[in-house]
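Enquirer: My request is simple: use the sequences and hints to build the entire structure.
2 protein chains.
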Amino acid sequence: MNPSIPVEVLAVLDRRHPRGFDFADSGRPVLSVHDLAATRGDGVFETFGVRAGHPQALNAHLARFVRSAASLDLPEPALELWRRAVLAVAERLAGVEFSVIKIVLSRGVEGSGEPTGWLSGRPAPDHSVARRRGIDVVVLDRGYRHDVAATSPWLLQGAKTLSYAVNTAALREAARRGADDAVFRSSDGVVLEAPTSTILLRHGDTITTPDLGLPILAGTTQDSAFDFARSVGLKTSFSLPRVAELENADGVWLLSSVRLAAPVRSVDGRPIRVDEQFTGALVQHLWDRRD
Amino acid sequence: MNPSIPVEVLAVLDRRHPRGFDFADSGRPVLSVHDLAATRGDGVFETFGVRAGHPQALNAHLARFVRSAASLDLPEPALELWRRAVLAVAERLAGVEFSVIKIVLSRGVEGSGEPTGWLSGRPAPDHSVARRRGIDVVVLDRGYRHDVAATSPWLLQGAKTLSYAVNTAALREAARRGADDAVFRSSDGVVLEAPTSTILLRHGDTITTPDLGLPILAGTTQDSAFDFARSVGLKTSFSLPRVAELENADGVWLLSSVRLAAPVRSVDGRPIRVDEQFTGALVQHLWDRRD
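Chains as they are written, first to last, in numbering that gives the first Met the number 0: chain U, 0 to 290; chain B, 0 to 290.
Since the hints were made in silico from the structure, they are not lab data. Check the hints yourself; a few may be wrong.
As the list claims (entries may be wrong) - Here are the computed lysine to aspartate or glutamate pairs in the EDC-like style, where the Cα-Cα straight-line distance is at most 20 Å: (1) K101/U to E90/U; (2) K101/B to E109/U; (3) K101/U to E246/U; (4) K101/U to D21/U; (5) K101/U to D13/B.
Unchecked claim - If you only want the chain U side, here are some residues facing chain B, beta carbon under 7 Å, derived: (6) G142; (7) S151; (8) A169.
C-beta: ideal position from N, C-alpha, C; glycine also.
Expert: Here you go:
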């Protein structure tokens, strides 16, 4: 056994290869400048945590990957191929305590009619400080009404697309305001999601998350967080939280696959209580997930 | 002189190269899978027409490129370098009657802190049928209020970003409805722009285009179209056109750098008059542009 830990793993889907994908040198360029991922953000992705070589919530991520691809009229991802490829990449990260795998399906090189797919894995960044101390967030208008997903599917609001420029701009705006992250609200005042996280609110003994009919992504970590909440005797529900309910919550968390659960310690400068014990147990629950 | 016409030209910005860029083999991969162009649509671009080696509206495109980059907090593009690179690529396309050059600046490989820039040139697709016969369009809700650009700059509405998944989804929705193109309206009913074009409306002897305070891209072809309109005795103005004004217009055109001017012959199935003579003269004016 080679004890050295690989810094990075890259695999590329390849129909000519017997197993349907092949490993590649992550230091070398792989994509054409005409790949629609790079010229149009025209593709979908998933990012998930991998603990000691075991991908977390793999089925949930693959299911969302398929739904996202359908939203964009991409060819349906061959699930079993992707699963095998993910497991093969994860295996090479077995020596890493916690790593992250991103899988991407783009519409491919313009005019080729053939999608491009790749998987990259690397050690996860260290989010322990955010998980312990909490984060400051600001509320930003996402510009959409809360019901836009139902009326205008071409806005792709349920899909995890590569077109993330607005999400990254929102994070820069948050930083400009001295915050760590942003929370999007709809133009009519409903709390939606964070640029790369799902929101969890606590009021008394109830944990809520924004309803999936809103223009948001169905969080893959939120399911597990609800499981945890119920296991400690809390009620769980989906709702259309107003911004005031965010500001007066007894607890707020941003959930995502790699940071897991980050407690919010302030919203637009107003303090939010951070329950270290509850958060610690929630993070541990998410950390221990298998699929 | 080699009389063969290159099918495609690719140049990549390269700080180590004495002239600041270098030509590359367009058939080979150039981009890392970790380039934020490919993973986040996090960059800006311009596309312009090149007639027999002469880029059209180059200054206007470069100026918008700089504005887009500023919106995304990208490093300011070195204008003179980009100009030289564009002209060098265009020179290699001198044997092509009409070609298209795309220039792209991305935030670069994640974590590198260094942007990626490239230029690709190729013969333009043939849009003569659309220009002559006209196109059918459908109106789609862009989901944003008409004043969102002023209130929420993080939505990047004035910037030409690589995050175009919604634009391409709108084009697929248009095709599903049997149309050639889409026209976006705001959630409160103001006509905005098409996914890859600026809109021009004619009512009597007045030509209007949606106001630049709207969440739209400032069209680089629209200036020239206004020049043309005034040269034939029409008035020009910016406005906040309602959808009804689109439907009852005496003429509608979609303007873009490569298709130039495509007359609209129907909006959601209602016929719009196509003035072949005016359109032909407008296209010729745009075709003859130099910078």
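Enquirer: Checking against the hints above, which ones are violated?
Expert: 3 and 5
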